[in-house]
Every structure is written in C-alpha cells, then in structure tokens.
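**Student:** Note that the protein sequences, when read in sequence, are chains E and L.
First residue of the first sequence? That's 0 in numbering that gives the first Met the number 0, and the numbers climb one at a time after it.
First residue of the second sequence? That's 0 in numbering that gives the first Met the number 0, and the numbers climb one at a time after it.
Hint data in this document are derived by calculation from the structure and do not stem from the laboratory.
Some hints here could point you the wrong way.
Think about it this way: if two alpha-carbon atoms lie no more than 25 Å apart in a straight line, the pair counts; the simulated SDA-like pairs of lysine to any residue are [stated by the list, open to error]:
| hint | chain 1 | residue 1 | chain 2 | residue 2 |
| --- | --- | --- | --- | --- |
| 1 | L | Lys6 | E | Arg166 |
| 2 | E | Lys487 | L | Met0 |
| 3 | E | Lys487 | L | Lys373 |
| 4 | E | Lys554 | L | Met0 |
| 5 | L | Lys418 | E | Arg24 |
| 6 | L | Lys373 | E | Leu25 |
| 7 | E | Lys22 | L | Leu427 |
| 8 | L | Lys418 | E | Leu539 |
| 9 | L | Lys201 | E | Leu659 |
| 10 | L | Lys544 | E | Pro494 |
| 11 | L | Lys418 | E | Pro494 |
| 12 | L | Lys332 | E | Arg24 |
| 13 | E | Lys636 | L | Ala533 |
| 14 | L | Lys6 | E | Leu539 |
| 15 | L | Lys373 | E | Arg166 |
| 16 | E | Lys554 | L | Pro318 |
| 17 | E | Lys554 | L | Ile173 |
| 18 | E | Lys27 | L | Ser9 |
| 19 | L | Lys236 | L | Pro318 |
Pulled a few chain L residues facing chain E out of the computed Cβ check, cut under 10 Å [as the list claims (entries may be wrong)]:
| hint | residue |
| --- | --- |
| 20 | Arg197 |
| 21 | Leu198 |
| 22 | Leu200 |
| 23 | Gly334 |
| 24 | Arg341 |
| 25 | Glu378 |
| 26 | Pro381 |
| 27 | Val384 |
| 28 | Pro388 |
| 29 | Lys431 |
| 30 | Tyr500 |
This one's a predicted model, so the numbers in the text were calculated from it and none came from an experiment.
The beta carbon of each residue, even a glycine, is placed where N, CA and C say it ideally should be.
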Amino acid sequence: MSELNNSMTQSSLNTATTSAYEKWRLLKDAIMHRAVVAGGLSVIFAIVVIFFYLLYVVYPLFLSANAEQVAQYPIPEESVGKTLFLNIEEQNEIAARFTDNGQVIFFEAKTGKTISQRTVLLPPDTKITSIAQGSPVSEGAVIYGLSNGQAVIVKQQYKVAFVGDKRVIAPSLKYPLGETPLVIDDTGAALEKIAFKVGEGSATIVAKTADKIRLTSLEKEQSLFAEEASLTRTDSFLDMPAANITDILVDKEDRNLFLVSDDGSLSFIDISKKDAPEIKQHLNVVDVGQKITSLSFLNGDLSIMIGDSSGLVSQWSLVKDTFNKPAFQRIRAFKVSDKPVISINTEQRRKGFLTVDIDGGMGIYHSTAERELIKEKISDGAPLSTILSPRANALLLQSNDGKIHFWKVDNEHPEVSIKSMWKKVWYESYAKPTYIWQSSSASNDFEPKYSLTPLVFGTLKAAFYAMLVAIPLSLMGAIYTAYFMSPKMRIYAKPSIEIMGALPTVILGFLAGLWLAPFIEENLAGLFALLLVLPMGVMLFAFGVQCLPETMCQKIPEGWDAAMLIPVIMISGWFAFSISIPLETILFHGTLRDWFKTEFGIGYDQRNALVVGIAMGFAVVPTIFSIAEDAIFSVPKHLTVGSLALGATPWQTMIRVVLLTASPGIFSAIMIGFGRAVGETMIVLMATGNTPVMDLSVFQGMRTLAANIAVEMPESEVDSTHYRVLFLAALVLFMFTFVFNTLAEVVRQRLREKYSSL
Amino acid sequence: MIKIWFKSGSPWIWLNAAAVSICLIMVVGVLGLVALRGAGHFWASPIVQFSYQDDDGQVKDIIGEHVDTTITSALMAKSSGYKLADNEDVLIQYLIKTGNRDLTDADFRWIQERRVKSQAMPADMIVVERREWGNFYGQLTGVKEGNTVIASGESAWEMLQARLKITLALHEQITHLEKIEIGAINYGFEQLRLKQHRLELKNQWNAQTAKEFTDKKSTYDIDYKKYQAQLAELYQKIRRDSLVATTEDGTELVIPLLKVVEVTQPNKMGVFTKIGHYFKKLGEFLSEDPREANMEGGIFPAIFGTIMMVIMMSIIVTPFGVIAAVYLREYAKQGFTTRLIRIAVNNLAGVPSIVYGVFGLGFFVYILGGNIDKLFFPEASPAPVFGTPGLLWASITLALLTLPVVIVSTEEGLARVPKAIREGSLALGATKIETLWRTVLPMASPAMMTGLILAVARAAGEVAPLMLVGVVKLAPTLPLDGNYPFLHLDRKFMHLGFHIYDVGFQSPNVEAARSLVYGTSLLLVLVIIGLNLAAILIRNHLREKYRALEG
C-alpha cells in the first residue's frame with residue numbers, strides 16, 4: 000500500500016511542471032522517508048547497543064592473562080657476586096639484586112642500568128649461610144643468617160618524590176633493629192635456614208642450626224633516660240628434630256610458624272607465646288614418594304601454597320575442624336606441570352600466584368577462582384630467580400643464560416571464573432565450601448567474594464513470593480472483571496487497578512519498609528488468620544445472598560458482586576487483625592514469632608520475604624491483571640455464547656472455553672509480571688534487610704541482583720573487577736527479562752493472529 | 000442445597016469478585032494511607048503536658064506532641080521486659096515527640112499510659128521551629144535584646160512575634176546575598192580559573208590576557224568585599240535578639256532568633272487559624288530549601304530537579320518515540336522487521352530500570368561524558384564536567400526508558416486515524432510526508448500527548464536508575480540559575496523519589512523524618528495519579544472523537 004502511494008505521488012508529480020518547489024517537496028519526502036526508517040530501526044539498535052555494551056564491559060572478566068617479554072639485558076654488576084634473589088618495587092621502575100656476598104644492586108628494571116650499589120653491614124670473616132624475606136614481601140624486609148650464628152635485618156625502601164611532574168624513586172637500605180648484627184646462636188653455629196617477621200621495634204626470628212631450631216623474639220625498649228634503645232629477648236627451642244628441616248615460614252602476624260622437612264611433611268606450630276611455642280600439627284602434604292620443592296604464603300598469610308616434585312601445587316589453609324579447633328587442611332590443588340615446581344611467587348594484593356617449574360615453564364593461577372590464566376615457557380632450564388611485581392603486572396627473572404628478563408604481565412581480572420561465581424567456593428578460613436557475596440573487605444588479606452548465586456537466589460525468592468501474592472489476585476480479578484463484571488463497573492474498576500501500576504515503586508517500598516513491616520511484625524497471627532477468615536467471610540456472604548428470597552435476589556444488580564463484597568472484606572480484615580493479639584496469646588503463648596523460633600528454629604527478620612511478597616505482589620498485580628484481562632475480554636463472543644447456548648453454566652464456560660482460549664495470553668501476562676518482579680529494585684531495596692543470605696524462609700530477608708547493583712554500583716571503582724561483576728549482574732537481569740519478554744511477546748502475537756482467524 | 004450451589008460455580012465467581020475487591024481496597028488503602036499521613040504533616044498538633052511517673056517513682060512533666068499509640072498484649076509486653084500487674088491485660092504506650100534534641104539527645108519518647116497521672120493542654124505552650132536541632136517545646140518566659148530582657152510575661156509573645164518578623168526579613172536578605180550575589184562571584188572566579196587554564200593549555204596565555212584576568216578578578220574582589228561588609232553588618236543585626244524559654248523540667252534555654260523559623264502556640268489556635276497555618280506550612284514545604292540533612296524544611300530543590308529532568312527527557316523522547324511509531328504504522332511493511340521492532344519495544348519496556356541505570360552510567364557517563372570532557376573541557380581536568388553523573392545523562396537514560404511508552408501510545412493514535420483521511424490527502428497530490436505532517440500527525444497529537452504524559456509520570460516516579468546517573472541527596476545549586484549559561488546540564492540534581500528513599504531510609508533520625516516523607520510521597524502520588532488520569536481522559540476523549548469520524 001505504501002509503495003503504491005509512493006509511485007502514485009511520484010508519477011503525478013513527474014508529469015507536472017517540475018519547478019524548484021516541486022523538487023524540494025520530493026526531496027523533503029525522500030529525506031523524511033529515510034529519517035523515519037532510521038528512527039524506527041533505531042529502536043532495535045537501542046536494545047542491541049544496551050546488550051552489546053553490557054557484554055563489552057563484562058567480557059574482559061573472562062579473558063586469560065597475557066605475558067610478553069619487553070626487555071632482556073646482562074646481569075647488572077655481574078662481577079660483584081652471584082644473585083640470591085631479585086626484587087622489584089611497585090611502579091616497576093627499580094629492581095634490586097641481592098648477592099651472596101651482602102651487596103645490593105639497585106638497577107632500572109626496564110634497561111638494567113645500575114642506579115646504586117649498597118653494601119649490607121656484615122661482620123668481617125663471616126659468610127651468608129641463609130637469607131629470607133619477611134612477610135608480606137611488600138614491606139621489603141630481608142634477613143641474612145650468617146656462619147657465626149649472627150643475623151642482620153635490612154629493609155629496602157623506595158621513596159617516591161615528585162620533581163616537577165616527574166616521578167623520582169630513590170632506593171635505600173635501612174636497619175630496623177640497628178646496624179649491630181643480632182647474635183642468634185650464642186654458640187656460634189651457622190644459621191642454615193632462617194625465617195623472621197620484623198615489625199616496628201620488634202622481631203621474631205626462627206633459625207635452624209645443624210641440630211636445633213631456635214625461636215628468638217626481640218623487643219626494642221626505649222628507656223626514658225638512656226639514648227640507646229635496648230633489646231629484650233626471649234629464646235626458646237622447638238622440641239623436634241632439626242636435621243631434615245628444609246624450609247621455614249613465619250606468618251605476618253608472627254603467630255604461626257611452619258616447618259617443612261625433606262620427607263614431605265609440614266609442621267604447624269603456634270608461636271603466639273614466644274617463650275612456649277606449641278606444636279599443633281604434623282601432617283604429610285604431598286603424595287608418597289614426592290618431595291616438597293617450593294612453598295609460599297598466599298596473600299594474607301592465611302594459607303600456604305605447596306609445590307611438589309610431581310608438578311602439583313596444593314593450597315593448605317587453617318580450617319576449623321569438627322571439634323571447632325583450627326587445623327590445617329588441603330582446600331584445593333592445581334596440576335601446573337609434570338616437572339617439579341621450583342618456585343611459587345604469590346601476588347601481593349590478590350589471591351593469585353605464579354609457578355615456575357624446573358624446565359622454565361611458568362604458569363599464573365588464581366587460587367579461589369581456580370583459574371589457570373596463562374601457561375608459557377619463560378626460559379630454557381630452571382631460572383635462578385623470579386619475582387612478580389607488587390601489582391602483579393610485571394615479572395623479573397634471571398635465567399641460567401646469565402641474563403635478566405623483564406616481562407610485562409597483563410592480568411586484570413583473575414579472581415572471577417564461572418566456578419567462583421556460580422558454584423560453591425572454599426574460601427580461606429571457612430569450614431567448608433559456600434556461596435558468598437561479599438564485595439568489599441576490611442583489608443587486603445581477605446579477598447572480595449563474588450558469588451552471584453545468593454543474589455540470583457534472592458531475586459528468585461523475592462519474585463516467587465511476589466508471584467504467590469500476585470498471580471491469584473490478578474488472575475481471579477481479571478477473570479471476574481473481563482467476564483462477570485457489569486460494564487458500568489468495569490469502566491471504573493479496570494483503570495483503578497491499572498493506576499496501581501503507575502504508583503512509583505519507591506512509595507510502595509517506603510510504605511512496605513516503614514509501615515507494613517512493623518505492622519506485620521505486630522500482627523503476624525492476624526495475617527495468617529486473614530487467609531482463613533477472608534474466603535470464609537466471602538463464602539458466607541455469598542451463601543447468604545443465595546438464600547435470600549427470590550424477590551430480593553432480583554433486586555440485586557448483576558455484576559456488582561465485587562462492590563458488594565468490599566464491606567464484607569473490610570469487616571473480615573478488621574476481624575482478622577483484631578483477633579490477632581488474643582490469638583497469639585491463647586494459641587501461641589506469647590507471639591507467633593517467638594513460637595516459630597522456639598518450635599521450628601525459624602528466626603524472624605522484620606523486613607522479610609513476606610513483606611516483599613506483599614509489596615511487590617501489589618506492584619505486579621496491575622501488570623498481570625491488565626494483560627490477562629485483555630486476553631480474556633477479547634475471546635470471541637461466539638465461543639462463549641455457543642457454550643452457554645449448549646447449556647453450560649457461566650462458570651463452566653469460563654473454565655472450559657474462555658480460559659482455555661485465553662491461556663496463551665494469561666501465560667504471557669504471567670511472564671511479563673515475573674520479569675517485572677525479577678527486575679524490581681526499590682521495593683526490595685527498602686523492604687528487605689539486603690543481606691545476601693540463602694534461606695528459603697518467608698521470615699528472612701534476601702538481597703536481589705537489582706538491589707545489589709543499586710547499593711554497590713555508586714561505590715565501585717570504574718573498570719575494576721567489582722564494577723564488571725556488577726555489570727555482569729545487570730547483564731544477567733537483562734538476559735533474564737529479555738527471554739521472558741520475548742517469549743511473552745511471541746506468544747501474544749500468535750494469540751492475536753489466532754483470534755483474528757477465529 | 001450447598002452441593003448444588005457449589006456445582007453451579009457461583010461460589011467461585013464470588014471468590015473471583017473478592018479478588019477484584021481486594022485489589023480495589025488495596026489501591027484505595029494505599030492512596031488513603033499516603034493521603035492521610037501526608038496531609039497530616041502540615042497540621043499543627045496540640046501540645047500536651049503529661050505528669051508522668053518515671054521508672055524511679057518520681058512524677059515529672061513531659062511536654063510534646065502525641066504522635067502514635069500502640070497496644071501490646073500483656074504477655075508480649077512481659078516477654079520484652081515490662082513489669083505489669085496481673086490484672087492488666089494490655090499495655091498502652093504513647094509515642095511523644097518531645098523535641099529539644101539539643102538538651103535530651105532524642106526527639107521522641109515512648110511513655111506508658113498507665114503511668115500518666117494527668118494530662119493537660121496549657122494554652123501558653125510554644126513550639127519553636129528551629130534551623131538546628133529540630134523543634135523546641137516549652138514555655139516562653141521572655142525576649143532578650145543583646146543581654147537585656149526587653150519583655151517578659153504576657154507581653155513577651157507580642158514582642159517575640161515583632162522581633163521574629165524583623166529577624167526573618169534579615170535572614171532572607173542574608174540568604175539572598177550569600178546565594179545569589181556571592182554565589183555569582185564564586186561562579187565567576189571558577190570560570191576565570193578554567194578559562195585561564197584553557198588558555199595555558201593552548202599556549203595563548205600571555206601578559207595581556209594575564210592583565211585582563213587580574214582586572215576582572217579585582218572587580219570581583221571589590222564586589223566581594225562590599226558584599227562581605229554588608230553581610231557582616233546584617234549578621235551583627237540578626238544576632239542581637241533571642242528568646243528565653245523553659246523546658247518541661249524547668250531548665251531555661253536561650254534561643255537566638257537567628258536560629259528560629261517560626262514560633263507558634265498551637266493550643267491557642269482556633270480551627271481557622273490552624274487551617275491558615277496549615278496552608279502556610281504547605282506553601283513553605285513546596286517552596287523552601289531543605290534543612291538538617293533534608294529532614295526538615297521544604298523540598299523545593301527536589302521538585303525543581305524532578306521537573307527539570309522530566310522536561311529534558313520529554314524533549315529527547317518525543318521525537319524519537321513519534322518517529323519510531325510513524326515508521327511502524329505508516330512506513331514499514333508489516334512483516335519480519337516490524338515484528339522484530341515490536342519485540343524490541345516490548346523488551347525496552349520490560350528491561351529492569353536498574354539495567355538502564357547501569358547502562359547509562361557506563362555508556363553515557365563514562366564513555367560519552369568522558370570523551371566529551373577530553374575533547375571540550377581539558378581545562379577542568381582532573382575534575383570531570385560531563386564525565387560524572389548529571390542532569391543530561393539522567394534525562395537521556397530516562398528518555399530511553401520511557402521510549403516504549405511513547406511509541407505504543409502514538410502508534411495506537413495513528414492506528415485510529417481513519418484511512419480515508421490519508422487517502423484523501425494523497426489523492427489531492429500531497430507527498431507522503433506532507434500527508435503525515437499536515438493531516439495524520441495533528442489528528443494523532445492527543446495520542447502523542449497521552450504517551451508523553453504517561454512517560455512523564457513514569458519518569459517522575461523512577462528512582463533506581465537515577466541513583467546511578469545523576470541524583471544526589473543534597474545538591475548545592477539548582478540546575479537552572481542566573482549564571483551564564485543558565486542551564487547547567489552537567490549538574491547533579493535532587494529528585495522527589497530519591498528524596499523519599501534517602502530521607503526515609505538513609506537519614507540518621509528516621510522517626511523524625513517520617514511525616515515529612517509522607518508529605519513528599521503524597522505530593523509525588525498526586526502528581527503521578529493526576530498525570531495518569533489526564534492521560535486516560537485524553538485517550539477516552541480521543542476514542543470518542545474517532546468513533547464519530549468513522550461513523
């Protein structure tokens with residue numbers, strides 16, 4: 000038709016004199032045509048843009064990491080000494096090389112140019128027999144264990160200053176406990192292995208000599224009069240064989256000590272009392288025949304990563320056992336290689352770690368997400384030392400070809416995986432795997448926990464209870480309004496109910512949270528009584544009307560039942576709530592809430608699913624009602640008239656003919672209503688406590704996806720993992736409602752075709 | 000008989016009818032609840048003086064407004080720790096708004112009815128509405144000028160009203176000076192700073208421009224000093240007077256009139272005075288700025304912000320919605336594409352509003368806004384101009400959200416325009432766009448209006464997306480003011496719906512703010528119901544008109 004019009008107008012115009020004005024008119028027509036088409040299609044464009052934009056933000060979450068070598072250079076000042084280990088500061092500008100003769104060489108990480116060389120003040124005629132870094136590594140403390148039983152603690156410092164707009168970082172060394180070496184073993188035996196934790200003016204040092212393991216605690220005491228601070232020390236020995244100890248770890252709270260022996264066993268010792276260390280646990284942490292080849296604390300020092308000679312890295316964490324006592328337990332493991340894992344570098348801000356095997360194969364993993372982010376060969380043969388930068392975006396390693404390699408690592412969002420978002424995850428210091436949403440934590444030691452499952456659960460729970468309220472009310476209402484109600488009343492009743500849908504949800508949420516929630520709390524028994532009293536009251540009234548004498552019956556106008564019922568319902572409601580308190584006193588000896596608590600152990604939350612169900616049900620009723628009513632009302636009249644003519648009662652006609660014909664429309668009404676309930680934000684935000692718990696109880700609150708976004712989005716940092724996970728939550732909501740709405744719309748279009756053919 | 004009755008199906012029909020009645024009761028109930036509580040906010044309640052026996056047996060006076068009464072069963076009361084005699088089966092408690100937060104730390108107090116020895120409503124009780132610390136309840140003893148008492152006893156009330164009038168006038172002058180004159184100077188300074196930075200970035204900053212700028216600055220400085228002097232003088236005047244009043248326990252309190260908004264004696268007011276007072280309060284509520292973290296005072300900025308946002312949104316959504324509807328109805332061949340568009344429209348209508356908020360924040364604010372800042376406002380960096388939530392982005396986001404409403408409504412209107420009218424116009428030689436523009440669209444314009452009204456109603460009540468894209472709890476400046484370029488699209492704004500959420504749930508003293516929130520809710524409900532009713536009326540009118548045309 001429209002084409003026909005076009006050709007008609009054009010031909011008629013072509014024959015006329017084509018003045019400039021005519022041309023202009025045609026041009027205008029053509030331009031507007033294009034504009035309108037573009038405008039119409041832009042609706043599709045809009046929905047597609049929303050979808051793809053959400054996807055675009057979410058997508059980087061699932062990218063694997065990327066590492067590439069950006070520089071390699073000869074070892075700076077190689078002649079000075081052999082490397083014991085490397086270190087790199089936060090900005091990836093300056094690296095340090097610790098040599099076996101007590102020199103520290105600071106050099107530019109990107110070029111290898113020496114910046115400065117410092118000498119650690121070691122006593123003469125001693126050799127370095129052991130060296131260790133304190134935990135956390137970011138503090139930069141290093142201890143040297145010496146051949147004469149002494150030890151020296153130094154701290155690297157990287158001072159950042161701004162000269163104009165340029166950042167200048169000045170490296171230096173500091174002696175937190177003074178420059179005099181600390182005498183650890185007074186017999187002068189060499190310290191073969193050492194571990195320590197140094198704090199402000201205190202230190203805990205654990206050292207192994209040939210036959211003993213010694214725990215030394217030092218406390219700096221500033222006396223009022225003396226210039227010099229004196230060190231008070233506590234010494235104790237561990238009651239266990241020292242000979243086969245291969246590695247020692249002290250956590251950053253200097254509360255737990257871990258010893259590893261060459262037979263693959265781990266000893267866990269409580270050293271919170273420095274004079275009386277308590278051996279808590281001995282356990283085998285590797286398979287029989289395997290050896291522990293590397294170990295390291297995971298960030299936060301709540302668990303240890305242990306690499307063994309079969310290429311397996313396992314995570315061991317303190318878990319409360321069945322007797323509620325802390326015990327070490329393996330909570331997960333990664334098969335990183337077939338070769339022994341010679342080093343594990345843990346990230347300093349996240350729960351990620353980097354492994355290197357004996358052949359120079361490197362892998363980056365995230366423990367909680369159980370993700371392998373990258374696997375790459377970084378050197379031929381075992382590298383001498385590897386270090387992951389504090390921000391985990393660079394890697395510095397000295398390979399056995401005598402060069403230092405500088406790698407850039409791009410690993411933005413390791414902490415999220417399908418598993419960590421949807422399945423149970425065993426978090427550190429939790430007794431068992433659970434679903435947890437906890438997007439922020441007090442300190443870096445605890446990771447944010449992004450399990451979407453409790454949120455989706457909460458969303459579905461809220462929607463479920465809302466539908467429980469809304470479906471019966473709205474469908475029954477729709478049946479009556481469309482089919483039985485007098486047309487005169489329908490004119491007023493339908494818009495009144497539909498206007499409910501226009502009420503801002505923020506007002507419903509406000510009323511639900513501040514008026515309904517306390518009201519229900521006070522009158523819980525009344526609410527349950529209402530469920531019983533209301534139908535009974537209505538039935539009784541209906542029966543009463545039925546029993547009226549014929550003459551009176553005829554005076555009652557047809558189709559005004561709903562209006563007549565209003566006082567009945569109000570009286571039953573008033574009755575139900577006025578017996579609430581006596582009912583609770585007589586039947587439940589106190590309150591119904593307490594009764595539930597004592598009898599079933601069901602706790603009562605003031606802002607709970609019941610309140611949300613009623614408030615959100617209220618919000619969804621108009622949506623379902625309106626669409627279902629339309630569907631029922633537009634069932635062709637000849638069907639119902641036919642049925643009635645064949646002798647069916649109006650109710651039989653309703654159930655067997657009308658509902659059946661309109662069922663697709665009712666289905667789509669429910670779908671759309673459900674979509675609305677799932678995405679509703681303000682009501683759940685205001686009428687629940689917003690705690691992400693997974694509890695089906697109607698008396699408990701929940702946190703939904705939508706409310707979660709509303710609460711956390713304003714605080715989340717742009718492009719952080721949290722931000723992207725919230726976008727993912729939005730995408731999930733979008734997809735969810737998209738499926739439901741599309742389904743509903745397709746069903747409705749079909750139904751419309753069907754009706755027109757009937 | 001009952002069996003036959005059940006078989007006839009009539010009880011089920013009654014139950015269905017009951018569902019309709021419940022829905023109707025709920026609608027009316029909610030509206031009634033909001034209306035009752037909201038309208039009550041402005042009524043001057045009487046001040047009651049209770050002689051109350053405290054826990055320790057002493058009888059004290061408590062002065063305040065009786066706000067609420069609860070009845071608890073004895074069992075429940077006992078379980079929560081109240082000691083009741085055996086013959087008492089209920090515990091009746093009153094919630095009293097005692098005010099005087101600066102003295103007692105709490106605005107409200109629960110008292111038990113059985114311990115009230117007597118209650119009275121002395122006529123000389125005053126309520127002082129203060130700018131800080133909420134209301135004061137007590138008895139007036141005198142008025143002070145500086146440190147000397149100038150009136151006491153009977154004459155104090157008259158004197159107080161006279162002095163208060165002067166003080167309020169002074170206060171208005173001060174606010175005007177601070178907000179408008181000095182605000183303009185501050186804005187000017189800020190603009191100069193930005194301009195200078197921009198010139199520096201472009202390397203056009205030289206001695207000549209530097210001189211121009213210092214000249215401008217010095218004129219601003221002179222103005223500023225002048226206003227400062229005026230302010231100092233006004234402050235000196237306004238600080239002069241104060242009132243002296245005693246509280247329920249006889250403590251004497253001096254309240255500077257500078258901190259007073261209004262003093263009333265509700266117990267002396269007659270019905271007509273109260274009605275007059277009611278409308279005065281209502282007017283203040285609608286036209287004044289909020290005080291005390293939104294918990295007191297008016298909601299004018301929220302009303303203004305909502306209106307601005309809705310206007311901006313309408314300007315954006317109308318053309319798009321109408322064009323899409325015109326395409327669907329007049330240009331597109333009914334088939335796959337239109338089906339797809341209809342599905343898209345339905346989905347746009349069904350996507351949760353919070354998703355629009357997320358999209359708006361990410362796409363409009365950070366991507367579009369961030370790039371606009373980089374291109375056009377490099378001088379403001381690192382402070383964002385458009386790269387932060389604000390009025391423009393909120394309007395665009397809501398325009399997207401309300402697009403389906405306008406499309407569906409306009410399409411319905413277009414469908415109702417009889418075919419004969421289009422054919423007539425085409426037959427006379429008009430092009431398609433001329434036909435649309437001159438005949439079809441004007442006829443469908445009431446339908447567009449309906450769509451727009453519904454869109455406005457939806458936008459006015461929407462909160463969730465706005466929380467992400469531009470609404471704040473307290474905006475220091477309105478998005479429209481006397482400073483060039485007058486309309487500040489980048490500014491954050493306040494919104495009625497968010498005001499309800501924020502004051503009702505985020506404020507430190509929810510109890511004190513509750514009646515104000517009911518007031519705001521009532522306003523919002525009235526606006527939205529009004530808009531919807533208007534839309535329904537226009538639509539019905541339109542239907543009638545076309546029925547006539549077709550007939």
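**Student:** Run every hint past the structure and note whether it holds.
**Tutor:** Evaluated hints:
With a C-alpha separation of about 89 Å, the suggested pairing of lysine 6(L) with arginine 166(E) is violated against the 25 Å cut-off. The suggested pairing of lysine 487(E) with methionine 0(L) is violated, with an alpha-carbon distance near 32 Å, which exceeds 25 Å. For the suggested pair lysine 487(E) and lysine 373(L), the alpha carbons sit about 61 Å apart, so the restraint of at most 25 Å is broken. Restraint check for lysine 554(E) and methionine 0(L): satisfied, since their Cα atoms lie roughly 22 Å apart, inside the 25 Å limit.
This hinted pair checks out: lysine 418(L) and arginine 24(E) have alpha carbons roughly 23 Å apart, not beyond 25 Å. With a C-alpha separation of about 42 Å, the suggested pairing of lysine 373(L) with leucine 25(E) is violated against the 25 Å cut-off. Between lysine 22(E) and leucine 427(L), the direct Cα distance comes to roughly 17 Å. Compliance with the 25 Å bound is thereby established for this hinted pair. For the suggested pair lysine 418(L) and leucine 539(E), the alpha carbons sit about 54 Å apart, so the restraint of at most 25 Å is broken.
Distance check on the hinted pair: lysine 201(L) and leucine 659(E) sit about 74 Å apart at the alpha-carbon level, beyond 25 Å; violated. Distance check on the hinted pair: lysine 544(L) and proline 494(E) sit about 20 Å apart at the alpha-carbon level, within 25 Å; holds. Taking the CA atoms of lysine 418(L) and proline 494(E), the gap is near 29 Å; set against the 25 Å cutoff, the hint is violated. A hinted pair counts as satisfied when its Cα atoms are at most 25 Å apart, and lysine 332(L) with arginine 24(E) qualifies at roughly 23 Å.
At most 25 Å may separate the alpha-carbon atoms for a hinted pair to count; lysine 636(E) and alanine 533(L) exceed this at roughly 32 Å. With a CA separation close to 16 Å, the supplied pair lysine 6(L) and leucine 539(E) stays within the 25 Å bound. The suggested pairing of lysine 373(L) with arginine 166(E) holds, with an alpha-carbon distance near 24 Å, which does not exceed 25 Å. A hinted pair counts as satisfied when its Cα atoms are at most 25 Å apart, and lysine 554(E) with proline 318(L) does not qualify at roughly 54 Å.
The suggested pairing of lysine 554(E) with isoleucine 173(L) is violated, with an alpha-carbon distance near 71 Å, which exceeds 25 Å. Restraint check: the Cα-Cα separation between lysine 27(E) and serine 9(L) comes to about 63 Å, which exceeds 25 Å; the hinted pair is violated. Taken as a hint, the lysine 236(L) and proline 318(L) pair is broken in the structure, with Cα atoms around 55 Å apart against an allowance of 25 Å. With its C-beta approaching chain E no nearer than about 19 Å, arginine 197(L) sits outside the 10 Å limit, and its interface hint is violated.
For the restraint placing leucine 198(L) at the interface with chain E, the shortest Cβ-Cβ distance is roughly 19 Å, beyond the 10 Å limit, so the hint is violated. Taking 10 Å as the C-beta contact cut-off toward chain E, the hint placing leucine 200(L) at the interface is violated, the least distance being around 14 Å. Evaluation of the glycine 334(L) hint against chain E yields a violated restraint, the C-beta minimum of about 12 Å exceeding 10 Å. This hint holds: arginine 341(L) has a C-beta 7 Å from the nearest C-beta of chain E, less than the 10 Å allowed.
Here the hint on glutamate 378(L) is broken, as its CB sits about 17 Å from the closest CB of chain E, past 10 Å. Interface hint status for proline 381(L): violated, as the beta-carbon distance to the closest one in chain E is roughly 13 Å, over 10 Å. The beta carbon of valine 384(L) comes no nearer than 16 Å to any beta carbon in chain E, farther than 10 Å, and the hint placing it at the interface is violated. Taking 10 Å as the C-beta contact cut-off toward chain E, the hint placing proline 388(L) at the interface holds, the least distance being around 9 Å.
Given hint, lysine 431(L) at the interface with chain E, holds; its Cβ is 6 Å from that chain's nearest Cβ, closer than 10 Å. This hint holds: tyrosine 500(L) has a C-beta 5 Å from the nearest C-beta of chain E, less than the 10 Å allowed.
In summary, the numbered hints that this structure violates are 1, 2, 3, 6, 8, 9, 11, 13, 16, 17, 18, 19, 20, 21, 22, 23, 25, 26, 27.
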